[in-house]
Amino acid sequence: MPPAIQIHDVTKRFGSFTAVDRVDLQIEQGEVFGFLGHNGAGKSTLINMLLDHIRPTAGDLEAFGADCQTDSVEARKHMGVLPDGYGVYSGLTGRQHVQFAMESKGVDGEPLNLLDRVGITEAADRAAEGYSKGMTQRMVFAMALVGEPDLLILDEPTSGLDPAGARSMREIILEENERGATVFFSSHILEQIEAVADRVGIMHQGQLAAVDTIGGLRDMAGGETRLLIATDNLEDSHIDAVEALDEVDQAGITDEGRLAVTCAKDTKMDVLLALDERGVEVLDLTTEEASLEDLFVEYTRRSE
Amino acid sequence: MTGWSTVARKDIRGLIGSRTGKAGTAFVALVFVFGGYIVPTTTSDPTMTDYDGFIRGIVLFLVPLFGLLLGYRAVVGERAAGRLTLTLSFPHSRADIVFGKMVGRGLVLFVTITVGILGGAALIEYPFGRVALDRLVSYLGATLLLGFAFLAVGIALSTLTASLRRATVFTFGLFFLFVVAWPQLTGFFLQGLEYLNLASDELPNWAVFVHGAEPSMLYKRVLDTYVSPNKLTSGAALGSAGPWYLQGGPAVWLLGCWILLPAIGGYLQFRRTDL
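From first to last, the protein sequence lines are chains A and B.
All letters in the first sequence, in the order written, are residues 1 to 304 by my numbering.
All letters in the second sequence, in the order written, are residues 1001 to 1275 by my numbering.
Honestly, the hints are just simulated from the structure, not real lab data.
Incorrect hints may appear among the rest.
Derived DEER-like restraints, expressed as beta-carbon distance ranges [stated by the list, open to error]:
1. A:GLY180 x B:THR1114: 42 to 52 Å
2. A:ARG55 x B:ILE1264: 48 to 58 Å
3. A:THR70 x B:ILE1264: 12 to 22 Å
If we take Cβ atoms under 7 Å as the criterion, some of the chain B residues that face chain A in the derived model are [as the list claims (entries may be wrong)]:
4. THR1006
5. GLY1014
6. GLY1017
7. SER1018
8. THR1020
9. LYS1022
10. THR1085
11. PHE1090
12. PRO1091
13. SER1093
A virtual CB, placed ideally from N, CA and C, is assigned to each residue, including glycine.
Use the sequences and the hints to build the structure in full.
The following block contains the structure:
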């Protein structure tokens, strides 16, 4: 079984600017892979190379064993694509757009079923040029779903969608994955990726800074927790004692006079016990777990 | 593969779906019909030769312009608007795009000119005229070739750049050079060649060939051979007295080259560029 996507040492330069820098990536069939990065990090450039819209300066890409350059039509037969920076056809309705997608893929069917699935049934016979951004995005998503593709490639799929639209798109993505489709989607919104992705790749300044599961990324970034402890009386010696504990990174006093401790997740109890031993009463305790956002910031800073 | 036919069908649907598309094609067809309406009012017993004589001046501008206008936005317009990004997200090759558009727009051009000329010919024939079938077919064929040649050149131009504005400049520059300026340059060529001691008094045949290899000049030569043979002119059309390569037959083939070479060149250019 060939991997759904195989990217091997791919570089793309535009003049002296390196948009994608020596990226290696393999995505297995059946995965939901989230591709995270700021605008301009190189996500769309990489996706466009999978589609043969642009050609790599070096390296090669494959989809289901078909070379994306020399055999790009075959590669795209496996794909359903919601690209970035597309325009709709003038003079054609939403139904005709899906019709075109069906003709292109060589499948029969009722366009209305797909338009229904993405929730724009009532606009099917209007010219697509008059659609709102969100409706257009849904229509092109419906075009991507034509013919039950093996691989869904979605570039910033939720852009232009309201929260309800974004949620229903996430649901369809999960349904498609359930059916057996591999999903490769990019986003600069962390919650989107956290909600559906099995694995995450972080793209930063053209380089793939990290690839892992969300849990794995957390662990890699330290898997640390921040404790905020309100106490009745706190002396410097207490802070030193806490800081002396194994697996405590840092301890200090916040502006509000609370004790802030950065430590491994399972060291929480040790910190509380150490305070108790020294007769410090704990009045309140809150914990902050590192969010994907923090991880992202940390990764992008690290690779600078 | 049905890739190109899918592209062609969508292209036609889009063209006739837009108001400017409808109005433009209707206008071109009506000019041909109108010619057939006017000629019988000025000539008794009109024939295709009279028809050609009457509207050739207009056709020499109208058909190249129509072909170029149909072609020049074909690729670059879709590219600038991101529509190619969408089309090429489906299993279509770059060849499907270029040749599908040529076929789609070629069909629109074919129907427009054919309907117009047949309409015009019908008005010549009825009630007093006489339209010889071979002349009609020759006239129709030559005019279609001229249209296809400029359509192919227009589509080739539209693969050269990603900027619609630049494509527009190229197109009108080319229209001016080929259709407006080029046929008037005989005198300049003669002077130039005389200066180089390559000619005296009139252009040598090879220079006539080179100067006459531009599509609208070729079109004139084809018509002068097959539709209006009694009309002996000098310059690019020497009539049957000239050498074989200045006859109508080779001119037909050269017009064919003006369709084929830009089409292939445009495809090769488009195949290797990033969108």
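- Taking 7 Å as the limit, does the beta-carbon of B:PRO1091 come near enough to a beta-carbon in chain A? holds (5 Å)
- Message: Does B:PHE1090 hold up as a contact with chain A if the rule is Cβ-Cβ below 7 Å?
- Response: holds (4 Å)
- Message: Hint B:GLY1014 vs chain A: min CB-CB distance below 7 Å?
- Response: Constraint on B:GLY1014 satisfied, holds at 5 Å.
- Item | Status of the hint placing B:SER1018 at chain A (closest C-beta pair under 7 Å) | holds (5 Å)
- Item | Minimum beta-carbon distance criterion (7 Å), B:THR1085 to chain A | holds (5 Å)
- Message: Given the hint of 48 to 58 Å, is the C-beta distance from A:ARG55 to B:ILE1264 inside that range or not?
- Response: Cβ of A:ARG55 to Cβ of B:ILE1264: about 21 Å, so the range 48 to 58 Å is violated.
- Double-check B:LYS1022 for me: the hint is only fine if its C-beta lies closer than 7 Å to a C-beta in chain A. violated (10 Å)
- Query: Going by Cβ atoms only, is B:THR1020 closer than 7 Å to chain A?
  - Reply: Result: violated, 10 Å to nearest chain A Cβ.
- Task: Determine whether the Cβ-Cβ distance between A:GLY180 and B:THR1114 falls within the hinted range of 42 to 52 Å.
- Result: holds (51 Å)
- Query: Should the hint that A:THR70 and B:ILE1264 are 12 to 22 Å apart at their CB atoms be regarded as holding?
  - Reply: Hint holds: Cβ distance 20 Å, inside 12 to 22 Å.
- Evaluation of the interface hint that places B:THR1006 against chain A, nearest CB under 7 Å: holds (5 Å)
- Holds or violated: B:GLY1017 as interface residue toward chain A, Cβ cutoff 7 Å? At 3 Å from the nearest chain A Cβ, B:GLY1017 passes the 7 Å test, so the hint holds.
Violated hints, listed in ascending order, are 2, 8 and 9; each of the other numbered hints is respected by the structure.
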